[in-house]
Each structure stands twice: as C-alpha cells, then as structure tokens.
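Here's the letter readout for the chains.
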Amino acid sequence: MDRLFEAVLFYDDLPDERQSDVRRQLAEHPDLRDTLVQWMQVRTAIRRELEADVPRRELLVLYALDESGMTNALNADEQAALNEARPALEEALAAHPGLRDVVARIQEEHADFNAVWDAEVGASHNASANNTLTEEALRHDAPDRAADDYSWALRLAAGVALILVAVSVAFLLPSSPDSTTVDVGAGEAETITLADGSSVRLSGVTRFTYPEEVPDDDAPYVVSIQTGKAFFDVTPRAERTFVVETPTATAEVLGTQFGVDTAPNHTDITLAEGALRVGAPDAPNTARHELAPGQATRVARDQAPTPPQDVNVNDALAWTGLFLFQQTPVERIAASLSTAYDVSITVDSDLAQEPVTGTFEREQPVDDVLDALAATLGASVERSASTPTTYRLVATP
Amino acid sequence: MSDPADFAPERVRAAQNGDEHALNALLNALEPILRGYFIKRIGRGPDVDDLVQNALLRVHKGLDDLRKPGSFKSFAMKGALYELQDFYRGRYDMKENLFDPEKPLQRTTEANDSLPGMDVERALEALSPKARRIIELREYGYRYREIAQMIDTTEAAIKMQVKRAFDKMRDALSSLLAFILVAG
Chain V
1 MDRLFEAVLF
11 YDDLPDERQS
21 DVRRQLAEHP
31 DLRDTLVQWM
41 QVRTAIRREL
51 EADVPRRELL
61 VLYALDESGM
71 TNALNADEQA
81 ALNEARPALE
91 EALAAHPGLR
101 DVVARIQEEH
111 ADFNAVWDAE
121 VGASHNASAN
131 NTLTEEALRH
141 DAPDRAADDY
151 SWALRLAAGV
161 ALILVAVSVA
171 FLLPSSPDST
181 TVDVGAGEAE
191 TITLADGSSV
201 RLSGVTRFTY
211 PEEVPDDDAP
221 YVVSIQTGKA
231 FFDVTPRAER
241 TFVVETPTAT
251 AEVLGTQFGV
261 DTAPNHTDIT
271 LAEGALRVGA
281 PDAPNTARHE
291 LAPGQATRVA
301 RDQAPTPPQD
311 VNVNDALAWT
321 GLFLFQQTPV
331 ERIAASLSTA
341 YDVSITVDSD
351 LAQEPVTGTF
361 EREQPVDDVL
371 DALAATLGAS
381 VERSASTPTT
391 YRLVATP
Chain U
1 MSDPADFAPE
11 RVRAAQNGDE
21 HALNALLNAL
31 EPILRGYFIK
41 RIGRGPDVDD
51 LVQNALLRVH
61 KGLDDLRKPG
71 SFKSFAMKGA
81 LYELQDFYRG
91 RYDMKENLFD
101 PEKPLQRTTE
111 ANDSLPGMDV
121 ERALEALSPK
131 ARRIIELREY
141 GYRYREIAQM
151 IDTTEAAIKM
161 QVKRAFDKMR
171 DALSSLLAFI
181 LVAG
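Just so you know, the protein sequences line up as chains V and U, in that order.
If you read the first sequence in full-length UniProt numbering, its first letter stands for residue 1, the second for the next number, and so on.
If you read the second sequence in full-length UniProt numbering, its first letter stands for residue 1, the second for the next number, and so on.
With the rest of the complex left out, here is chain U (with noise of 0.2 Å):
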C-alpha cells in the first residue's frame, strides 16, 4: 500500500523541480495504483505492461504543466483514463489487417473502394438500432464481452445479433444481385 505522503504537494512540487528522488518515488508509488486499476479494467495480460507504462510516461510528461501539485490524484485519473481510450482505439488496429497484409483479396476495407452493386449507406441503413449501437461499440474499440456487459446482455446475444445484421447484408446483397444478373 502506497503512503499518502508518497502524492504530497511538496514531493510533485520537487519532482517538478528536477529533483530526480522525487520523481521516482513518485512514479514508483504511482506504478502500482496504475497497474492494479488496468488489471482491474482489462484483467492481467501483456497489455497491461503496456498501458502502465505508457500512463507513467504520461503523466511524467506531463508533470511540469501541473500547476496545482496538490491534485495528482485527479492529474492521473485523467492520464489512465485517456491511455485506455488510447488502448481501445489501437486494439484492432493489427486485426483490420484479416484481408490486407497479405493482400490475398486484392481491395481494401476503405468505405470508398466499394465493391459493384455495393450501397454503403443503404447497408448501414438496413441496420436495426441495436446492431449499429453494438458495432459501433465494436468499431470503438471493445471486445463483444465487454459490449455484452456495457448493454447488459450476453456475449453470446452480442454475437448473435452482429451475425444477424450479417445475414441481413447478404441476403440484400444476393437480392440485388439476382435484380441485376435478371435485368441485364
């Protein structure tokens, strides 16, 4: 357990100051709150390292724009707050990878690079309120676990209801097809 003396306006105030010592002990007390609290949000994992770290170096930036030492407290919510917007926003940035780094399918995902017979918008339309509210979820960053339990359902509900939205693209897009192949 950390000491309450460890956040001490006059030990920020020094760690401000350039005094190495400080800083450390700042840091080093803050280390574990951070790692306990991401641990906490998104359960132990290689992650965690990361979003620790990261928030340190944060907030150790950051430092010398606090102008009020008696607020760490707040100082770092904010700085672990913003590092897990951070966090979901680079989550599947590797993932939405599955059809370019090998571009095996020769196009990308871009909304614009749309395939022939493809309305984006009139997909986007047929979607029912529920399934855009959870890919939007999904599109922002979280796992469908995570969406399951911000709306209060199961995963397994999450899922199928994403699955769903798919079947209802396919289907309008066989639809459409069909018109097209009839009417040329």
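This is chain V alone, in the form it adopts within the complex (with noise of 0.2 Å):
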C-alpha cells in the first residue's frame, strides 16, 4: 500500500502505462482514494493562495528585476504598475515562503537570458540594450497555454511559421556527418551510449560531441565536451585509446570512471574508479598526470594540469546525480545515504566495515537504494513502524 501511496504522491513523474497501472489500483482502493483526494485539496488550497495573493505573475517578473538592480529594464508604466503592487507583493512573499524561491529563479533566468544572448549576439551590442522601453503589451494577450496550447499556430504569420520550420530542421541535424552534438539543459541528465559501447551521462547545461562510429584504423576515439559536466563509464580496450577534449584539458582514458565539469577557463576532472592521463593541449609542454580514483585535477586554460589531490568523491560529483562507492565500508555508505536523503540508517556492528562497490541513481528512492544495498550484502532493511524514515541494515541469520 505504501507503494501505492508514493506512486500517486509523484504521479507526474511515472511513465504512461504505470500511470494506468495505479488508477485502476485507486478505484479498488477507496478509503486510499478518499486520503488522497484530501491531500489534492490541502495542495489545491495552497495553490488558490498563491493565486490570490500574487494573481499576475508578471508583477512578480517585474519585482525580481527591480530588486537585481535591473530597474533601467521598466519603463515608467511598469514601475509605477510594480509601485502599486508592492505593498501586496511584499506581503504575499513574507505569507509563502516558496515565493522567495520564485524570485530567485526569475533573477536567475534573467541572468541566464544574458548569457545565452551575449554569447549569440556578443556583449559588445549590450551597451544599446540598457535604455527603458515599454513592453506593455508583452504582458497582454499571453496564449493561454492551460486551455489553447497549440492553437498560437495559426495565429503566426506563415512567414515567421516558415522560417521557424527552416531552423528547428537545421537544429536537429548532427554537427557533421560523422558526429552527432547534444545538448543538455538546466536540471536534466541524458545518459548516451557511444559507438564502442562506453556511456556517458550528461548533467545540467552541457553541450557534448561524439563520433558516432569508431575509426575502422587504431586511431583514438575521441570525444568532446564543449561546456557542461559529464561522467563516463568506459570499457578498457586494449587496441583503441579513449579520448576527452575539452576546451582547456585532454583525458586519455585506461579504462575507467571518471567525472568531467567544464568551463569556459578550466576543467575540473575527478576519477571515481581505474585510471586516467590527464594533459593540456593548450600547454603541450608541461607534464601529464595519471590520477589514481578518488583524486582529481584542474586544467586552466593555457597551464598544465594540477597536481593531482585526493577527494571526496561523492561529494566531487555530486552533480553526476549518482551515489558512486568504490570499495567503500557499509557505514560510511549509511552515513552518505543518511545525508542526501535525510533519514537515519543504522547498520549493523557485523556489517559496518563490510567493503561495497557500486552507483545508485540519486533520484531513487532511499528504499530501493537500501534494498539493493542489502540485497548485495546478503542482509535485509529493518524499517521502524513508528518513525517511517528510520532505518537499520541487520545481517541476515
């Protein structure tokens, strides 16, 4: 039942046929289906607050432009429109603590709308960007997405509709004819699998470059990662070498797991399990170094890699969105869970120093995490019936 319950509760992230899976399972469940409908109406009354004490969200756009110092972007109508709700805007962000969150994030987007224009259109056309304009009507007639999501359509003009067509064609065709390029956004992973059969998971904004066959010849097999974080699991081979290149660093790879995060100026390598040649082809006369797992290295643009320095790898990549433990001893491995999850597990003096190796997705849940954990030391999870987030591996007799 329990199960269940945590189905309906992230019912949006289940896939299609789980989806059916539980609301056949709520119709012959009604006591389940009446508690749940409760809590939709503990969230829906939430939701009507927020409706009513921010009801034009645009308000709110303006409010956290205005508080980044961005209040040459309102012409007059709009500050005196954000003047007028202030008072009230101020009221409901001290009401819900959420909306502080919200204001946060749109200062955020704003900062990366910045970001993504400078680099398409280059900073030098900001300094005719800074005057104050009306947008008036950017606020009005909005499509209503709830209730007309497609029909913007055949509003457009057929020009700009052709135009649209031409480009998203173009983007969606790979970068050469050998090589495919993807592109990763804020808060998603994509995990891919590469011609010689290595993966690799993309984390956050990443852009990444991959031959998609494996040169017929002994040569390497290189990939690239533009900007982003990506962490591979790659097959040792014996006749082919595995190369990254990034903009500032190259990782010749020995067979491996290791952890890639690129900036424009340096990458920050850091590996997890086997072993890895790190160099800099912008300093191709400065040393190499090979890490050992659990050490990592920066490579600056134009300089040679750091000397390699031990590391938390956990805590090093973090942003891979995987538990990563390697030989690790089972208490440490609760201690760890513990924290990410904010629960309590206990383990076992018989099983506390037991070694484990193995990557758990972040995103499960902590008793499908707990579960196969047990399930690889041959033991079992104690749950406690009064506290439900309170847990024990004990040695199974």
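The reader is advised that the hints may include incorrect statements.
[Said to hold, decoys possible] Partner residues aside, some chain V positions facing chain U, computed with beta carbon under 7 Å:
(1) D16
(2) V61
(3) A92
(4) L93
(5) R105
(6) D112
(7) D342
(8) R362
(9) E363
The hints are simulated quantities; they were obtained by calculation from the structure and are not laboratory data.
The beta carbon of each residue, even a glycine, is placed where N, CA and C say it ideally should be.
With the hints as a guide, dock the two chains, each given alone in a separate frame, to form the complex.
This is the structure in structure tokens:
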C-alpha cells in the first residue's frame, strides 16, 4: 500500500503504463482514494492562496528584476504598476516562503537570458540595450497555454512559421556527417551509449559531441565537451584509446569511471575508478598527470594540470546524480545516504566494515537503494513502524 | 551566431512600420536565441518549440508598442521571462486531472469539496515550514528536481519531505476518524 501511496504522490514522474496501473489500483481502494483526494485538496488550497496573493505573475518578474538592480529594464508604466503592487507582493512573499525562491529563480533566468544573448549576439551589443522601454503589450494577450496549447500556430504569420520550421530542422541535424552534438538543459540529465560501448551521463547545461562510429584503424576514439558536465563509464580496450577533449584539457582514458566539469577557462576532472592520464593541449610542453581513484585535477587555460589531489568522490561528483561507492565500508555508505535523503540509517556492527562497490541513482527512493544494498550484502532492511524514516541494515542469520 | 545589426534600432523600427522583410529577419535572428535560452532553462523537448513560438508570437504582437527600438533586448528578455511563468503555471493543469477526467472518484480536488472530517485549514497548519515551502513551489509549477536545485538539496530529499507531510496528514486523519467512531 505504501508503494501505491508513493506512486500517486509522485504520479507526474511515472511512465504512462504505470499511471494507468495506479489509476486501476485506486479504483479498488476507496479509503486510499479518499485520503489522496484530501491530500489534493490541501495542495489545491495552497495553489488557490498563491493565485489570490500573486494574481499576476508578470509583476513578480518585474519585482525580481527591480530587486536585482535591473530597474532600467522597467519603463515608467511598469515601474508604476510595480510600485502599486509592491505592498501586496511583499505581503505575499512574507506569507509564502516558496515565493522568495521563485524570485531568486526569475533572477537566475534573467542572468541566463543575458548569457545566451551575449553568446549569440556578442556583448558589444549590450551597450545599446540598456534603455528603458515600453513592453506593456508583452504582458497582455499572452497565449493561454492551459486552454489553447497549440492554437498559436494558427495565429502566427505564415512567413514567421516557415522560418521556424527551417531553423528547427537545422537544429536537429548532426553537427557533421560523422558526429552528433547533444545539448542538455538546466536540471536535465541524459545518458548516451557511445559507438564503442562506453556510456556517458550528461548533467545540467552541457554540450557534448561524439563520433557516431569508431575509427576503422587504431586511431583513438575522441569525444569532446564544449561546456558542462559529463560522467564517463568507459570500457577498457587494448586496441584503442578513448580520449575526452575539453576547451582546456585532454583526458586519455585507460578504462575507468570519471567526471568532467567544463567551464570556459578551466576543466575539473575527478576519477572514481580505474586510471586516467590528463594533459593540457594549450600547454603541450607541460607535464601530464595520471590520476588514481579518488583523485582530482584542474586544468586552467594555457596551464598544466594541477597535481592530483585526494577528494571525496561523492562530494566532488554529486552533480552526476549518482552515488558512487568504490570499496566503501557500509557504515560510510549509510552516513552518505542518511545525509542525502534526510533519514536515519544505522548498520549492524557485523556489516559496518564490509566494503561495497556500486553506483546508485540519487533520484531512486531511499527504500530502493537500501534494498539493493541489502541484496548485495545478503542482508535485510528493518523499517521502524513508529518512525517511517528510520532504517537499519541487519545481517541475515 | 546572430549579428548585432540584426537587432539594430533601424531594423526594429522598420519591422514596426510594416516591413515584412525586416520583421522576418528580426524574428529569425531572435529565434535561435530564444531556443538556446529555453533549452538552457528546461532542457530539450517538445515544450521548447511551444515556448519559442509563443515567445515569438508575444514579441510579434507587442512590437508595435515598443517605444524605444534600441531596447529590443530587454523587450525580448521580458517576453521570454513571462513565457516561462506561463509555462510553469500551465504545467500541471492536465496532470491535476488525475482524479477528474474519467471521474473515477466522483469528487473534485477543489478545497471547498471536502470529505467528512476534513479540515483543510488544520491540515495546512500541520505542515512543517519546509514541507509548505516545497508544496508551494510544486503548486507554482516547478518539478521536484527544479525545487531541489532552488533550495540546494537533492530531489530524493525533497520527495522524502513530501512523503512525510503526506504521512503526517494521513496519521492525523486516521486519529480523527478513530475519535469520531469512538465518540459516535
């Protein structure tokens, strides 16, 4: 029953067939159904409060811009509207703790827009774009997505629509006949199986390019990360080298699991398992470093890699969305999971020092991770009846 | 990459004055910027096409009222931000219909359609500040993984908070029902 509760609580995340299954089960459990309706009523009440307190979200956008010092992006009409709405908005912000997070996110969205604009157009154009202006019409006549998701297309001028189609097609084409470029957005993760059988998990805002076929000869299989984060699980192959290139670093893989975090001026490389040789293409005469598991290096533009440093792999690679354990004692794994899931996990003394190697998705429910861990150890999971967030891993007699 | 000249005030002014070529060139130059922006914010997917085209439509329709053509960037920026707000607001409208479309429960999720013994106000008061913050963000339209980013924690920890809040409400309701049965 608890699993069903959980499935409904996170119904949006379920695949279609599981959603149908949940609906079928709900029809068979009227008590559960009523409790869930009550839960939905609580959530609906919160939504109604938010809608009543912030009836026009565009004013919250203007508030966020104003708060971040972008007052010159608001014209006189907008500034007047914001001034009038400000007392009510600040009351709403005090009443709803989540709204502060919304304002911070809008400010982040604004910064991202500037970053994308500057990358596409060039920062030189900014100087001419800092005047006040009137955008009243932008806020009006916004398409009602809920009621009319697709009818915009009918209203859009034909000339514009043709342009969009052309650009969309170009966007989906591979970047060259032999390679494919993948873009992953904020908060997203995507796992790709490469032509040589290795896999790469891309996290957050990342652009990654890989050849669609392995070379016919013994040439290395070279992939590249233009920006962002990638975690590689590379199968060792005697006949071919696997090379990762970033704007500042090259990593020659010797059969391994490792993370690459690429920024414009430096690359951080952290090794979880195996061996990895890291060099700096912009500083070809400098030393290359071979990393051992649990070590990291940074390659800044035009500089040699820093000497390998010992790191906590799970902290350094938290962005992968994975828990990575390499010969890690169970009690340390329990401590990591307790922190990540905000639950209490204790371990029998018989199991505490048992080493475990494994990878778990951080998005998996803690119950699933603990069940998998217990299965690996031949142990079992005790769940407290009185405190549902208290677990104990116990040795099976 | 777009050319700064694509957004020059004279081109914006020409588009405002009905020059179809200038309008198409302006929107054509803006399209990849919007696309890159929305991909950066919500990742690749079918929603990006909708966002891009709705934002272009918004800019197109509002262009006549842009009094300072030199400020087209700010104009487009606000259009994109408003579009994201609409996107979040509409995100769960269909999903909320878990209990409605085929009406298997013969009940709505409106707060005033309460089941016997249900006190929405008391249930709201019972929520911890952390749970309330999370549910507010969820009802605003964000996904759990986005909420995790916003408050700097993991998605799993967020879901655990939601589950705890739900369990707490369920326990409270069970106690209330038991009291009613005993008293009755």
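Numbers of unmet hints, in rising order: 1, 3 and 4
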